[in-house]
Amino acid sequence: MAEAGNTARDAPLLTVRDLNAWYGESHVLHGMTFDVMKGEVVTLLGRNGAGKTTTMRSIMGILRKRQGSVIYGGKETVGLSSNMIAQLGIAYCPEERGIFSSLSVRENLTLPPVLRPGGLSLEEIYELFPRLLERGASQGTKLSGGEQQMLAIARILRTGAELLLLDEPTEGLAPVIVQHIGEIIRTLRRRGFTVLLVEQNFHFAATVADRHYVVEHGHVIDMIPNSALEANKEKLTTYLGV
Amino acid sequence: MFELLGVPPQALFGQLLLGLINGAFYALLSLGLAVIFGMLNVINFTHGAQYMMGAFAAWMLLQYAGLPFWVALVVAPLIIGLTGIIVERLLLSRLYHLDHLYGLLLTFGLALIFEGLFRKQFGSSGLPYQNPLPGGVNLGFMFLPWYRGFIVMFSLVVCLGTWFLIERTKLGAYLRAATENPQLVQAFGINVPRMITLTYGFGVALAGLAGVLAAPIYSVTPVMGANLIIVVFAVVVIGGMGSILGSIVTGFGLGIVEGFTKVFYPEASNTVIFIIMAIVLMIRPAGLFGTQR
Numbered sequence: 000m001a002e003a004g005n006t007a008r009d010a011p012l013l014t015v016r017d018l019n020a021w022y023g024e025s026h027v028l029h030g031m032t033f034d035v036m037k038g039e040v041v042t043l044l045g046r047n048g049a050g051k052t053t054t055m056r057s058i059m060g061i062l063r064k065r066q067g068s069v070i071y072g073g074k075e076t077v078g079l080s081s082n083m084i085a086q087l088g089i090a091y092c093p094e095e096r097g098i099f100s101s102l103s104v105r106e107n108l109t110l111p112p113v114l115r116p117g118g119l120s121l122e123e124i125y126e127l128f129p130r131l132l133e134r135g136a137s138q139g140t141k142l143s144g145g146e147q148q149m150l151a152i153a154r155i156l157r158t159g160a161e162l163l164l165l166d167e168p169t170e171g172l173a174p175v176i177v178q179h180i181g182e183i184i185r186t187l188r189r190r191g192f193t194v195l196l197v198e199q200n201f202h203f204a205a206t207v208a209d210r211h212y213v214v215e216h217g218h219v220i221d222m223i224p225n226s227a228l229e230a231n232k233e234k235l236t237t238y239l240g241v
Numbered sequence: 000m001f002e003l004l005g006v007p008p009q010a011l012f013g014q015l016l017l018g019l020i021n022g023a024f025y026a027l028l029s030l031g032l033a034v035i036f037g038m039l040n041v042i043n044f045t046h047g048a049q050y051m052m053g054a055f056a057a058w059m060l061l062q063y064a065g066l067p068f069w070v071a072l073v074v075a076p077l078i079i080g081l082t083g084i085i086v087e088r089l090l091l092s093r094l095y096h097l098d099h100l101y102g103l104l105l106t107f108g109l110a111l112i113f114e115g116l117f118r119k120q121f122g123s124s125g126l127p128y129q130n131p132l133p134g135g136v137n138l139g140f141m142f143l144p145w146y147r148g149f150i151v152m153f154s155l156v157v158c159l160g161t162w163f164l165i166e167r168t169k170l171g172a173y174l175r176a177a178t179e180n181p182q183l184v185q186a187f188g189i190n191v192p193r194m195i196t197l198t199y200g201f202g203v204a205l206a207g208l209a210g211v212l213a214a215p216i217y218s219v220t221p222v223m224g225a226n227l228i229i230v231v232f233a234v235v236v237i238g239g240m241g242s243i244l245g246s247i248v249t250g251f252g253l254g255i256v257e258g259f260t261k262v263f264y265p266e267a268s269n270t271v272i273f274i275i276m277a278i279v280l281m282i283r284p285a286g287l288f289g290t291q292r
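From first to last, the protein sequence lines are chains Y and U.
Going by numbering that gives the first Met the number 0, the first residue of the first sequence is number 0, and it counts up by one from there.
Going by numbering that gives the first Met the number 0, the first residue of the second sequence is number 0, and it counts up by one from there.
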């Protein structure tokens with residue numbers, strides 16, 4: 000991992016060690032182990048059902064039945080409830096986006112409370128996502144799929160969270176919107192956010208990420224720095240079965 | 000004196016007022032049920048008993064502490080709300096991961112226990128509570144007792160206030176969001192279990208408030224809630240389970256319908272709400288204001 004990232008960014012913000020998780024009786028994560036350095040954009044790549052979303056939900060504490068260690072900013076979070084984990088500075092954008100239909104766009108955007116300093120202001124968010132200002136009074140779920148995805152990302156930028164968990168933000172979206180989301184993730188990286196990204200589309204992942212973890216059967220089987228992606232393309236294709 | 004549809008106006012407006020008063024209670028009680036159901040997904044069968052406890056709390060505050068009605072109007076709902084919070088923390092919160100039926104059984108059992116305790120302590124015959132606003136005004140077409148007018152206005156204000164709180168404020172946005180997706184709202188850093196507790200406390204306090212309002216006009220008895228709550232559940236079914244605006248509009252509306260039925264066809268006045276319920280269930284099973292969930 001020495002070649003990953005530059006030296007200014009190599010303080011681990013998130014350390015996941017031997018993380019196990021269960022949905023009811025079914026054991027889904029079998030010892031996930033990886034790190035995310037401060038300021039990095041890291042992806043979890045893998046096939047459907049490999050455990051990427053479960054990893055996100057376990058880190059966030061939404062999935063309570065978990066064992067092992069998730070250390071964020073020096074603090075053990077396994078055992079904490081999700082609202083306490085959010086207070087530490089982790090924010091989650093779920094795969095299904097989670098836009099509330101009984102709330103307007105503006106209400107959706109301002110719903111997550113500001114928990115820590117350092118988040119984006121509403122003005123800055125509207126600068127990044129002008130459509131959300133125009134559609135402020137609309138019902139949240141009346142937005143197009145792409146707009147809903149923007150809203151789901153935008154609303155966790157205000158809270159002061161430093162680590163953003165983005166679960167397949169490009170899923171089902173048109174190429175031009177995928178490009179736009181790529182630009183946004185690069186902007187967030189420049190602004191000092193740390194991003195853990197779940198992706199199936201490694202062509203997209205290659206345009207935004209510093210490193211990639213390959214997940215299979217609930218644990219990490221490989222780590223590929225973005226610079227080495229071309230050299231490992233064949234291996235990756237086998238992993239992902241594409 | 001003129002007549003409307005063969006009915007003297009005094010009788011017509013008198014029944015209209017009675018209907019409005021009943022409607023005020025239907026609205027307050029079904030509103031509390033709607034708030035609780037929306038957030039907890041629990042049909043609170045203790046609601047009638049909590050209404051009764053509100054009336055008894057007002058009576059006890061007067062008897063034992065000498066506190067007048069206007070003080071009880073604030074204090075009694077707080078006390079009843081607090082008992083609700085205890086019930087939620089101690090019992091209800093342990094059932095959320097189980098089938099809805101368990102919440103229903105628990106709250107129904109609690110209602111029987113509360114009513115039994117009050118019957119043992121105070122007997123089944125009613126206790127009197129003095130009208131805090133005696134007298135009234137003759138409007139020409141009818142006589143309006145001050146206190147009854149107050150009930151209708153006050154209940155309307157409380158209902159609209161609750162609607163505003165839930166539909167138009169930041170706190171209400173949290174409630175609406177948590178109704179849709181509690182896990183995600185909690186992952187945004189909000190203490191959802193505490194919000195659920197307070198919501199139950201608030202819904203129960205509304206029942207207690209209705210009980211205080213009822214004390215001066217209905218006799219304060221352990222079964223006063225059991226009798227009323229059956230009609231209120233019909234109102235909730237007609238309005239649509241969990242709809243805030245629905246419970247307010249349906250509550251007042253059905254009170255008025257009931258009042259008019261008393262004028263034009265008294266034999267049906269006790270059943271008209273259930274007939275409407277049957278018709279609504281046939282045409283719109285989710286209720287007039289409800290959405291399928």
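These are computed hints drawn from the structure, not numbers from a lab.
All residues carry an ideal CB built from backbone N, CA and C; glycine is no exception.
Any given hint could be a false lead.
What the hints assert, rightly or not - Every beta carbon over 10 angstroms from chain U, so not counted as near; a handful from chain Y, in silico:
(1) Trp21
(2) Asn82
(3) Ser101
(4) Glu106
(5) Arg130
(6) Leu132
(7) Arg134
(8) Ser143
(9) Thr158
(10) Ile180
(11) Thr236
(12) Gly240
To be verified - Covered stretches of chain Y (in silico footprint by chain U; criterion: 3 or more residues with CB under 8 angstroms from a CB of chain U, positions within the stretch not fixed):
(13) 109-115
(14) 166-178
Outcome of the hint check:
1. Trp21: holds (15 angstroms)
2. Asn82: violated (5 angstroms)
3. Ser101: At roughly 4 angstroms from the nearest Cβ of chain U, Y/Ser101 sits no farther out than 10 angstroms, so the non-interface label is violated.
4. Glu106: The assertion about Y/Glu106 is violated, with a minimum of 5 angstroms to chain U.
5. Arg130: Y/Arg130 is indeed farther than 10 angstroms from all Cβ atoms of chain U, at 21 angstroms.
6. Leu132: holds (18 angstroms)
7. Arg134: holds (17 angstroms)
8. Ser143: holds (20 angstroms)
9. Thr158: violated (7 angstroms)
10. Ile180: Since the minimum Cβ distance to chain U is about 20 angstroms, Y/Ile180 lies beyond 10 angstroms and the statement holds.
11. Thr236: Non-interface label on Y/Thr236 holds, nearest chain U Cβ at 34 angstroms vs cutoff 10 angstroms.
12. Gly240: Check passes; 31 angstroms lies beyond 10 angstroms.
13. 109-115: That given contact holds, which follows from 5 residues of the segment 109-115 of chain Y lying within Cβ reach (below 8 angstroms) of chain U.
14. 166-178: n = 0 at 8 angstroms, threshold three: violated.
Hint check: violations occur at hints 2, 3, 4, 9 and 14; the rest are consistent with the structure.
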